[in-house]
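K.L.:
Starting from the known structure of chain A, fit chain B onto it as the hints suggest.
There are 2 protein chains.
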Amino acid sequence: MEFAELIKTAKVENVQLSCPGLPPIKGTLCITSHHLLLSSQPGGQEEQGTVELWLLIRNVDAVEKSVQNLGWYQTSRTNSSHQETRIASSLGTITLKCKDLKVLQLEIPGMEECLNIASSTETPKHEAQGWMAALPPPTLLPTNRLRATVDDNVLKKAARFRQGGRFPVLSYYHKKNGTVMLRSSQPLIGPNRKRCQEDELLLSAVLDGGERGFIIDTRSAQAAKQARVMGGGTEPKSSYPHWKRLHRPLERGRPLQESFIKLVEACNDTSLSMDRWLSKLESSKWLAHVKGALSTACLAAQCMEREEACVLVHGAEGTDTTLLVTALAQVILDPDCRTLTGFQGLLEREWIEAGHPFHFRCAHSAYSHTRLKQEAPIFLLFLDCVWQLGRQFPFSLQFNERLLLVLFEHTYASCYGTFLCNSEKERCLCEVKEKTHSLWSWLNQPSELKKLLNPLYTYNALVIWPSVEPQSLQLWQGLFLRWIRSSQYLDEAWAEIQRLVTNCEDAPEEGAGRTLCHSQPDAAYPLTITGTANKG
Amino acid sequence: MEFAELIKTAKVENVQLSCPGLPPIKGTLCITSHHLLLSSQPGGQEEQGTVELWLLIRNVDAVEKSVQNLGWYQTSRTNSSHQETRIASSLGTITLKCKDLKVLQLEIPGMEECLNIASSTETPKHEAQGWMAALPPPTLLPTNRLRATVDDNVLKKAARFRQGGRFPVLSYYHKKNGTVMLRSSQPLIGPNRKRCQEDELLLSAVLDGGERGFIIDTRSAQAAKQARVMGGGTEPKSSYPHWKRLHRPLERGRPLQESFIKLVEACNDTSLSMDRWLSKLESSKWLAHVKGALSTACLAAQCMEREEACVLVHGAEGTDTTLLVTALAQVILDPDCRTLTGFQGLLEREWIEAGHPFHFRCAHSAYSHTRLKQEAPIFLLFLDCVWQLGRQFPFSLQFNERLLLVLFEHTYASCYGTFLCNSEKERCLCEVKEKTHSLWSWLNQPSELKKLLNPLYTYNALVIWPSVEPQSLQLWQGLFLRWIRSSQYLDEAWAEIQRLVTNCEDAPEEGAGRTLCHSQPDAAYPLTITGTANKG
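Here the protein sequences line up with chains A and B, keeping their order.
Residue numbering for the first sequence follows our numbering, beginning at -11 and increasing consecutively.
Residue numbering for the second sequence follows our numbering, beginning at -11 and increasing consecutively.
Be aware that a few hints might be false.
Which stretches of chain A does chain B cover? Using the computed rule of at least three CB atoms under 8 Å from a CB of chain B, they are [said to hold, decoys possible]:
no.	stretch
1	263 to 276
2	446 to 459
Label pairs and their calculated CB-CB ranges [stated by the list, open to error]:
no.	chain 1	residue 1	chain 2	residue 2	range
3	A	ALA449	B	SER208	57 to 63 Å
4	A	LEU10	B	GLU246	37 to 43 Å
5	B	GLU422	A	LEU10	56 to 62 Å
Think of the hints as simulated: they come from the structure by calculation, not from any bench.
Every value quoted in this text rests on a predicted model; they were computed, and no experiment measured them.
Don't be surprised by glycine CBs; every beta carbon is placed ideally from N, CA and C.
The shape of chain A in the complex, shown without the other chains (with noise of 0.2 Å):
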């Protein structure tokens, strides 16, 4: 069935919309397939011109309905008789959770239309179902470096030996001392403590004679020994002994989602006195998440920046928070991933080819009732820890917030193919290139663009290790909130920061010059072979 055809009313009159700190608006409001519009009435606003809402349906999260009886009136009365024609009056109200967590709430008159109009919005959007099926076998891409010692066949052997078949691949090459970090997902040790010849060749092939190397596991070593019950495991000392394994357990899955709904649910609750709000706000543990990621993403950094070492990062399946702390260790390290150019390419090479989960992990955000298991905001708490880079070094991200803001908001609910599916196989299969525009093409029209540029931004050759302590880290006010207070201030002041610099590009400069590293960024170097092991 279409969704189309589930649309028992598509047009009602004289709805009221009312949002958190703006004046409700009265119009008519219209469903489509994708979208639930609402124009205001013209005129019928003082002082206020035509006002449009336009609302992907795939942007609802929950809905809640409510009608109340506002009695009896009358319609006609016949001179021949006493009696009287009453009909039911009653005013519908609906309100729209959204995933990008704004609230939005519909005042309809009739009960009918009411009930009509959130079963539209609630019905669910099976836009990616049937995907998953017959998927072609994974392509294996392995790094230059590697495939000089080791062939087709050991890789074929290794991979069988990681789940998902994600044996090591290249992540990040850091050009300054030729070190590399590859990502991978757990070894399928299991009950026996299985080893793979292959995969011992491959991790020791990438260390030069004598080098160490560290694995960073995004689990506890409790964790990661538990998981040989169910076939997985962690790399024993004894069959990698230039490897050093260090564990640093990080949340995913079920606790990570209900941490994001904890931290929302407190964010939303106004009427909080200020103890309640800390208190709240510490039992989220979202923050901790935060320092979690970023000092884990220190951590690969530092093996790679000071120690010199390779370092090799998973947890379990090497989709979550093995890519959360890869990306994050560029971004870190590597002035070319924090330009507005080199962060699109960090995503599509760090998360969407590496396959993250998003169709699954992004499927509701924090208001919806039914809860999938697959949920989890990992995307979201990147997101959140460059926010924090950026705040931390306000000169060195080309980007600004705005563009985190909208990516958070894409990968929920989107009009654009750049997020959807679960794997790089995936959208082959439903071939999502050919079917769907790309998210960049739109941000990168010159007029997007200048929106999301960072008007302090000076190219910063240097690594920009962030404060991880927990007084350094704060709560991301522009996203958690976004909808509950207005940050129009705040968005001005950067408007017109931006609109000096724009104006003054090509002023003269008076006095001292910026302080921080000035020197232009080096020719790009490849970061050409990076893996997608996806197996669905």
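P.N.:
Coordinates of chain B only, in the frame set by chain A:
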């Protein structure tokens, strides 16, 4: 005894200074009667010029010392005997915890030198001693409005009915609608429910016939009632029928000082987990005090701006939370108080002349081991609230965070006379104006002034209503984490914005201008008749 006589060791070589976030400096330490001075050894530091530390000894809040015996070393060995002359070598460490929250560590070779230096920095500086004796009677300065209907005799009697003689005086005239804000101390109702017709007349003379006023009592209803036992109390409805009393308890005194100490302790403990940090931040209650102060100031402002009513603010003495509320309300209501000059005027009027006992309140900061009873960071709380306003309204304050930091430093330890003593009378008696320089004359030099300006400032004629929801208030990192982690990049970011503004000042504006209200300030209206009524 002069302080100089207490200096037993005036100069030590090879002293090492350590300070978090900076490389250690080795140099010569000198102690003068006012300063501790360390200059680095020229050429001794690689790639580092001569560094000088000037520390006002008055800035030292607590001194901790430890002496470490490094063993014995041999000074001479005579050929004729095997006797050795051995001298104990020891290294003393002095930790200087400063009132501006900075913590410095000095490593001093030699036990005697170390103990002497420590004792010189520990010696209490009694520069304000003896200033409390034989104070002249209070100067009574009624408002014009009151002068018309209330004669001097009435004022004198009314003054006797208020603690410390602080009868209701004009704090702020809200030109827009002609309402006024008054401040006073509590009425001396006492256990026998005494009345004072002159006080009642004074307050009813403020209101035009039929007008209603609000009394904002900064104590709880319970505390205000209990104050009767000690001779104080609050205005009973029966005697002041046109005044509606509102109780908004604000913390002061010992609990506020404890809150400050707890917060600084939590900020300095960088080993905390995120959970422990948030829990300590909560239990310090500092942000709850910020919320309380801002909320009460908003209430006072709302009474005037929205209810068009006159307001009287008082607590007990009328020199602490009272001034916090009246001063903050003016920053919220009045654009002229948000300019650099206007803010200095506000501080002179509402804090210094109004008799906030700076000497008592700021005798020690958060580190001191010897607690006096009168300390409380009420003025710091005010500065924090102003910082929150500046954060929420980035265009509306002409001055920047740096001014607030300078003010914080100078209230606790200063070379200038501005914040000396506890009241105007003490300052007259001590001839502060004759014997010291004003902080303002230093700050208002063009070279200093330009460091204090907010580059984004645009005159905003509107009332700035802050969000006082707990989610909207933040820890003032620039103050509380100032010495713990570097704010170098943030400072540079602001310097860069400042540079852009300076370069652009004469550049033609392109595109849309600023969106905030651009109206030029009205001719400054008179705020001349303000009250000081200190009895010391």
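K.L.:
Each hint needs a verdict: does it hold in this structure or not?
P.N.:
Against the structure, the hints:
{"no.": "1", "hint": "263 to 276", "in the structure": "holds (count 10)"}
{"no.": "2", "hint": "446 to 459", "in the structure": "holds (count 4)"}
{"no.": "3", "hint": "ALA449(A) <-> SER208(B): 57 to 63 Å", "in the structure": "holds, 58 Å"}
{"no.": "4", "hint": "LEU10(A) <-> GLU246(B): 37 to 43 Å", "in the structure": "holds, 42 Å"}
{"no.": "5", "hint": "GLU422(B) <-> LEU10(A): 56 to 62 Å", "in the structure": "holds, 58 Å"}
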